[in-house]
Amino acid sequence: PAEAKVLAVGSTIEQFDIEMLKAANPNVIFVSHKNSREPLAKLLDMFPSVEWVHARSAGIDFITSPQLLSQARGVALTNAKGCFSSTLAEYTLMACSYFAKDLPRLLKNKNAKNWDRYDVLELRGATMGIIGYGDIGRAVAKLADAYGMNVLALRRNPKRSMYDPYIKKAYGGEDMNELVSECDYIVVAAPLTEDTRGLINANVLSHVKKDAVLINVGRGPIIDEEAMIQSLQQQNGKLKGVALDVTTIEPLPSDSPLWSMENVLLSPHNMVKTANFLREATEMFVEENLPRYLRGLDLLNPVDKVAGY
Amino acid sequence: KTAEDFGEALKEQKPNVVFVSPSCPKARVQLPALLQKFPTVEWVHAQSAGIDFLVCDELSATTPVMTNAKGQFSSSLAEYAMLACSYFAKGIPQLIRQKGAKSWTKFDVQELRGQTMGIVGYGDVGRAVAKLAKQYGMKIVALRRNPRRDTDEEKLCDVVYGNDKASLNRLMSESDYIVCSAPSTVDTKGMVNADAFASVKDGAVFLNLGRGLVVDEEAMIKALKSGKLKGAALDVFIEEPLPEDNELWELDNVLISPHNMDQTSTFMHEATEFFVNENLPRFVCKEELLNPVDKVAGY
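In order, the protein sequences belong to chains A and B.
In terms of the working numbering, the first sequence is residues 127 to 435.
In terms of the working numbering, the second sequence is residues 11 to 309.
Treat the hints as calculated values from the structure; they're not laboratory data.
Think of the CB as a built atom: it goes at the ideal place given N, C-alpha and C, for glycine as much as any other residue.
Check each hint, because a few of them may be wrong.
[To be verified] Okay, derived cross-link-like pairs now, DSS-like style, lysine-lysine, Cα gap no bigger than 30 angstroms in a straight line:
| # | chain 1 | residue 1 | chain 2 | residue 2 |
| --- | --- | --- | --- | --- |
| 1 | B | LYS199 | A | LYS399 |
| 2 | B | LYS112 | A | LYS234 |
| 3 | B | LYS112 | A | LYS160 |
| 4 | B | LYS305 | B | LYS21 |
| 5 | B | LYS144 | B | LYS238 |
| 6 | B | LYS116 | A | LYS236 |
| 7 | B | LYS199 | B | LYS211 |
| 8 | B | LYS144 | B | LYS211 |
| 9 | B | LYS144 | B | LYS116 |
| 10 | A | LYS234 | A | LYS399 |
| 11 | B | LYS199 | A | LYS236 |
| 12 | A | LYS294 | B | LYS141 |
| 13 | B | LYS144 | A | LYS399 |
| 14 | B | LYS232 | A | LYS236 |
| 15 | B | LYS238 | B | LYS116 |
| 16 | A | LYS131 | A | LYS236 |
| 17 | B | LYS144 | A | LYS295 |
| 18 | B | LYS238 | A | LYS399 |
| 19 | B | LYS240 | A | LYS236 |
| 20 | B | LYS211 | A | LYS236 |
| 21 | B | LYS116 | A | LYS160 |
| 22 | B | LYS144 | A | LYS268 |
| 23 | B | LYS109 | B | LYS141 |
| 24 | A | LYS336 | B | LYS112 |
| 25 | B | LYS199 | A | LYS239 |
| 26 | B | LYS235 | B | LYS175 |
[To be verified] Pairwise CB distance ranges (calculated):
| # | chain 1 | residue 1 | chain 2 | residue 2 | range |
| --- | --- | --- | --- | --- | --- |
| 27 | B | THR276 | A | GLU164 | 48 to 58 angstroms |
| 28 | B | ARG292 | A | GLU388 | 45 to 55 angstroms |
| 29 | B | ARG107 | A | ILE139 | 32 to 42 angstroms |
| 30 | A | GLU352 | B | ARG107 | 26 to 36 angstroms |
| 31 | B | LYS175 | A | ILE375 | 32 to 42 angstroms |
| 32 | A | ILE375 | B | ASN156 | 50 to 60 angstroms |
| 33 | A | GLN356 | B | THR115 | 24 to 34 angstroms |
With the sequences and hints as input, model every part of the structure.
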């Protein structure tokens, strides 16, 4: 918008001309860089005139700081939720079918030139549980429902899904074990917060259905990676396979057992990375929220700083 | 398994229905022989969607009506079609290569949303694929013998062409993903040929879940090797099992499945149920049978 002006762009604090900025009184910060936590906190300290921070991503776990979250300071925080949902829904259903049609077996057979006919599973009629029912969870539910899957959701406020046409039943956090015991496919689509870190632990994994598939499109640390690996490898482990677009440490260290496990589909946190995604997420800021800010209207996609998402 | 297996004594019971499965070897020879032996037969039901395993001049000359199990296999094949499209859109071949090399390297992926799927042969399977692809936000272009046949109540297709050569080439040039789901008939043999592959869009992906004979396999292999086609997902082949010396086994950008993408543990059971619970009662009550097929047309 004509009334808005970009004062500076940088990825480290050294790249910003502090004196110039102090005189210009910036009121908005747009955050995109993955190492933004420290520079952002410093900028917030240096420029009390900043009222609003917009994150170009859906997750804000990588930019939080006391300065950003301070209730006293009251900086508005918005994000790009909703911009990534469609492509992640596509990935999620693909990951389900990857195991339903037993692609690991197909690929092994191809290498051996082995024509080995086996039965495949259908997603139709199978049960999917979605942990974390935000924009991404909803987009996944919609597509899963189109496949004829039974979709269950686990969310902080299950009552919010009372009239959701894509969900058969919504569970609260305390019913996690019950949820996973009913699912053929478990999708983690939650944000990373204090409450979700390590949420999918050994105890939860011991309750999953035999031959369940686990898919993570949220954040790596939500799943206890050790426990997950054990569930895949051990005799009495229940997991048939996992599809991970996110891992606890990224890039995934080369000594992680996940690299050499057959029933693991790994992607380098790129399942949202379409040619357009950066542009579309930025467009959301420029064409939707910036005009709203200038006109004193409510901003889209406010983030609940207390909840962390 | 053969007409001889059925004794003369059976004639006294005047059998009027034959149920034939594609697992019967040499069914193409045995069925007409059986029909000649038992002229009381009025109806033949095939336990599959494709009837190409039965079609021949001798069969065309017989009188009984024929029905098949179309529609019973469509759902699983539609799921496979979307998996195959996403397999290439999300770069699974590259993911697998990177996994083998323990390489964590980000690359761009594609969305199916907004892309165009061209469906060659718009029967039950084609329609089931279109229905699911539409849920992904894909645009659908279809090719069928009778483009004006208004059975598309759901209006899934954005465009429908007739099955002439120019139309096929046009569909190939407009599609990001081409799904071949046509039956194998005299008219469709080798239909997707060198000309068709020469017309494809850059980066197009080809799927065959119909019958191998509909495609000129040599021409397809050429298009795959030259990079004209980004990749192919094939559940059916001209020769099955696919011979070990067939080049397709060695191409990186080909997903091969052994004609099992509709083979669920229940599919035969469900198809048989269809015969027993749907058509058999209709036959007994002298009502119109479901899924009639044209023995001469071949589908």
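### Query
Does the hinted range 32 to 42 angstroms hold for B:LYS175 and A:ILE375 at CB?
violated, 55 angstroms
### Query
For the pair B:THR276 and A:GLU164, does the Cβ-Cβ distance stay inside 48 to 58 angstroms?
holds, 57 angstroms
### Query
Holds or violated: are the alpha carbons of A:LYS131 and A:LYS236 at most 30 angstroms from each other?
Cα-Cα ~57 angstroms, so violated.
### Task
Could you grab the alpha-carbon distance between B:LYS199 and B:LYS211 and see if it respects the 30 angstroms cut-off?
holds, 23 angstroms
### Task
Assess, step by step, whether the Cα of B:LYS199 is no farther than 30 angstroms from the Cα of A:LYS236, and give holds or violated.
holds, 27 angstroms
#### Entry: Given hint A:LYS160 paired with B:LYS112 - CA-CA distance at most 30 angstroms
holds, 22 angstroms
### Message
Check whether the Cα positions of A:LYS234 and A:LYS399 lie no farther apart than 30 angstroms.
### Response
Holds, at about 28 angstroms.
#### Entry: Pair hint B:LYS211 and A:LYS236, alpha-carbon separation not exceeding 30 angstroms
Within the cut-off at roughly 27 angstroms; holds.
### Query
Given the hinted pair B:LYS235 and B:LYS175, is their alpha-carbon gap at most 30 angstroms?
holds, 24 angstroms
#### Entry: Holds or violated: B:LYS144 to B:LYS238, with C-alpha atoms at most 30 angstroms apart
holds, 26 angstroms
### Query
When you check the alpha-carbon spacing of B:LYS144 and A:LYS268, does it fall within 30 angstroms?
holds, 13 angstroms
### Query
Is the Cα-Cα distance between B:LYS305 and B:LYS21 30 angstroms or less?
Satisfied, since the Cα-Cα distance of roughly 25 angstroms is no more than 30 angstroms.
In this structure, the hints that do not hold are numbers 1, 16, 23 and 31, in rising order.
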